[in-house]
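Undergrad: Here's the letter readout for the chains.
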Amino acid sequence: MKQVKILFLIAFSLLGLVLASCVPGGTQPAQGWSGITLNDGILYMGSMDGKIMAVNPSARSQNLSFPADGEWEYSITAPSGGGLSCSQTSASVAIYGTPAVDEALVFSGGYNGKVYALNASARSQNLDFPQMRDNEWFYPKTSEVIGAIVGSPVMSEDAIYVTSSNGKVYCLDKHFGDKKWESDVLGDKLWSTPYIEGDKVYISTFDGNLYALSAEDGSITWSFATESKIGFVSSPAVHEGIIFAGSFDDNLYAVEIGESGPLWKFTGSNCFWATPLVSNNVVYASCLDGKIYAIDATNGTELWSFDVESPVVVPPLLIDDSLVVVSDSGEVYIYPLETDASVGNTVVSMLSIGVSVQAPPCAQEGIVYIRGQDNCLYAVDIEQGRVIWKFPLTTQ
Amino acid sequence: MAELWNLIILNPMLNGLIALSSVSGGSFGLAIIGLTVIVRLILLPLTLKQLKSTKALQGMQPKIQELQKKYGKNQQKIQQEMMKIYKEAGVNPLGCIWPMLVQFPVWIALYQSIMRALATTPESLLNLFQHLYSWEVVTQAIPLDSHFLWLNLGSPDSTLILAIIVGGSMWVQQKMVTAPSADPRQKSMNSMMLLMMPFMFGLFTLMFPSGLSLFWAVSNVIGIGIQYWITGWGYLRRGTSAQVVTKVGGKGGITKRP
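Protein chains in written order, with the numbering used here: chain D, 1 to 396; chain A, 1 to 258.
Only chain A is shown next, with the shape it has when bound in the complex (with noise of 0.2 Å):
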């Protein structure tokens, strides 16, 4: 299983971002960057799925509350009703989560690869070694240079502005999607969970390489911009008074806020 997951997964893309950092003019970092752009591209039809399935479910919160005021403590009868909504509007609850799930080994991928580009360590420099293809843009960029603005990619980022770059941008792209919710207990599962990613990964970005930190910073911004031109800012502008204003199409769809 390992070996099949190199082969057609790891493989390739650790080869890629090798030869993209010798096309870049050996600098490691570029070839992060251009590499995490890429995978964003080529996933851009699951994430704008997720993103609209997403968005489908945002908009019939308000329906959601109504159902659970009008039938209290009965959860049965609640999800009876949901599933009623949820097929009437032709919307899969799980249609956000699998989008995600799909792009999970690439990300995994793409963290093993550069984990496994930068070879911190003795053994990752010989282990690197098996993973590569003979042509010589690969290996002439051995070992990469793993300087790259003020960072070295291959330790954590000493500053906090590495930190505060990934956490920030995660905390902007959560808040652009996570609507308003009249449910206290709703409105504190959102209030935690739009604080703890961004926390978590900012403290990841203090402890893992910064190379990686970098890539999560990419993915981050690239994020926002798909977000953006989906949504615009979303809740980010709206805040958490405004009403929601989305309509929610037979198949799900939505219609871009003005």
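One chain only, chain D, in its complex shape (with noise of 0.2 Å):
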């Protein structure tokens, strides 16, 4: 009885392990998937470990020690319980969205739910945040929080919009981090980055609305809703008074502005995870079926589609005539696009740089940078077709 009784108790403490998320699947913890921006030469991203980096590429080619000139880093860290300890400790913070950067002001969301603006000379000098002098802030500026922000911050002339997941859409001073307004709430919550045209401000929520917002306000001016409320999973891209996203039923909508019911829709396989690009009247979607569509952007008509044979996470980038698309298994495809849309494409160049990507990439000069879900960042000339240079951006 009593080996039956330990028998029990192992059981019991396997059962313990398993909830405790030690079964691989069970829970999974946010780690961000920020995307790189360039500004003046310097990339700057969201590291998987809470960082917010700017990197010179111009050192990472010549393999000098970090920080070089123009280089920094920045640990966003937030409270955490420990678990199962009662003591309070810090853990870093998820990065999502890509920064947005105004000259000197670097502009970032966190996972914990706070907006951050950096100044790149007092992070250089590694002084104290926040340098109030050169307009470093943070919102809400008590230890409150808004709700953990997935969406790229977006910037107008004077003022930075934030999405968050309590269901609003902030409209934040770009100089001193006060809030202009606050949206009411759009959706369950927000994880789509918004998409600033004119004085409207258009927004995709996951149950099934695009919203127009004054720019001004936050009221809604427009909003449209799918049949059925099937929400939308990409964040919004507009071209010509069109609304482009992806839905959680595997369809592409086209929204004209205004109207009440789509323009068309675009099936495919798997959703339309990433922003769709659009240029020349083309649509340009990566698909999680492992596809890239070429879709006609006033009729929905599939000009061409090539298949990648792994989900895409991250939208296309145009390079000159070029369109370079990076997989989830971390094959980058270049495609020269012919004058006619419809002719169709034969990719001339491949490679893979063998790590997952789901953080949008960004090119300059022929050279895609692209961040891995290996936390390093990776130069790729598109011409010579390989790995230029590589920068691990945890062991700085």
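None of these hints come from the bench; they were simulated from the model.
Please note that the accuracy of each hint is not assured.
Said to hold, decoys possible - What the simulated footprint calls covered on chain D by chain A, stretch by stretch (three residues with Cβ under 8 Å from a Cβ of chain A suffice, anywhere in the stretch; the number is not a length): (1) 29-35; (2) 222-232; (3) 246-260; (4) 266-278.
Just so it is clear, the structure is predicted and the values come from calculations on it, not from any experiment.
Note that CB positions come from ideal geometry on N, CA and C, so glycine has one too.
Could you fit the two chains together into a complex? Lean on the hints.
TA: Here is the structure:
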């Protein structure tokens, strides 16, 4: 009987371990997939260990020690209960949004529900944060939070717009971080990145609505709802008065702003997770079904598609006359685009960085910068078709 | 191995859960309750086997205590005699363990399904799409409404209500099957087990998403129902002073207490 009891104890302990997330796939911690912004020759991004970083590609190509000229890092931490422990510890904060940069100020939102404005000069000197005289701030200014921030912050001339998991859009003063307005609750949670055009802020929601808000006061000026309230999974893209966004039921919607019905719907074999790219009346849409679709923006007709055999989580990039697609499995494809988009395309180059990619890349002068889920930054020369340098973001 | 697990067990259960949510009017809470009931019904034969084995072993406690008195510290002899008794009664001492262990993968899959379906982080939501079938009833149900009664199923219950329900129901279920023992060591161990597990799960309830706690609560309540069906209120009603009245059959069967 004693043995039986011991077996019981072992079995229950095992159950405890299982419940404590020791079984893979039980719970997935928030790690972040911040994209990269290039500004004035410096790359800005969030790392997977909660740092906002400025990386100088020139210094990285020379393999100089970090931080070199123009480089810095700042760790965002938040109090944590420390699991079963009663003591409070600090944990790194996941960063999902791509930072927005305006001259010396870098704006980023954290999964801890705070918005940060960092001054590059103050961060280079590693001064205490925030340096008010350098226009550094965080919002909310108290210990309160506004709900986890997943979408990227978006700038207008004098304001920053962020979405929050509490379902609201916030408009903050760019220089002081004061709240200009907050919207009504637009959905259960907002994880999408707003799109600013003119005096309107466009938002897609998980409960199947597209909204146009007044950039002045956050009031709703127009809304669109899908049939059966099918939610939107991607952030919206706006092109010539049409909003494009992927929905949870594997459709890409095109909706004319001001209308109540969709202009067209295009169905893939899985979700259009990434924000579509629209150029010259062609929508380039990455799909989790492993294909890139080129769709006529006016009528939703498929012009061509190409199978990359791995889900594509990030938007494609348009570099000169080529489309660059980075798949989740780390393959980089380069398509030269024909003048006649309906002709179709042939991949001229493909290389693999060998790690999962879920963060939107950026490009300049023929170099694509990719942050892999191994928390390394890769510089890929698309003409040479090779990785020219790799920089680990965790070792600093 | 992980792919096989996903293909055979996790994905069908996950998609079933989401489809149930869709047909339950979009209520993920009702889907969790529904799937827990279905899984417990499927596992009912194993549960009954486990209960019968446990009951049969408990029925032998007086005889085992006699052996312990008779042979003192001669553990080898006690073991030999115990095995004889088990053999005579046709009871396998591990008979109550194996059915429980067989159920483990199912509970793990159910746990994983709930956690995956809730998709509390952006990574989880992205990962969820790799496990979904292209059924309309599934894709149209995403993202799931995480609100049920007063609960946000993706977050721990900040009130103590669910923790009390989970801990309390677990205590009742255990109390119904925990036989009183005259042996002080056994008694102490029983008391520890009786309190430790409800306390542990009550604590988990305060830490884990309440969708998972809802599953524990419903599972416990169904467990109490099955237990009641087999043995009535068992040791919960009789307390620790009453005599155990159980007739052990030749094949380890039990007689329901009138």
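Undergrad: Which numbered hints are broken by the structure, listed smallest first?
TA: Violated: none.
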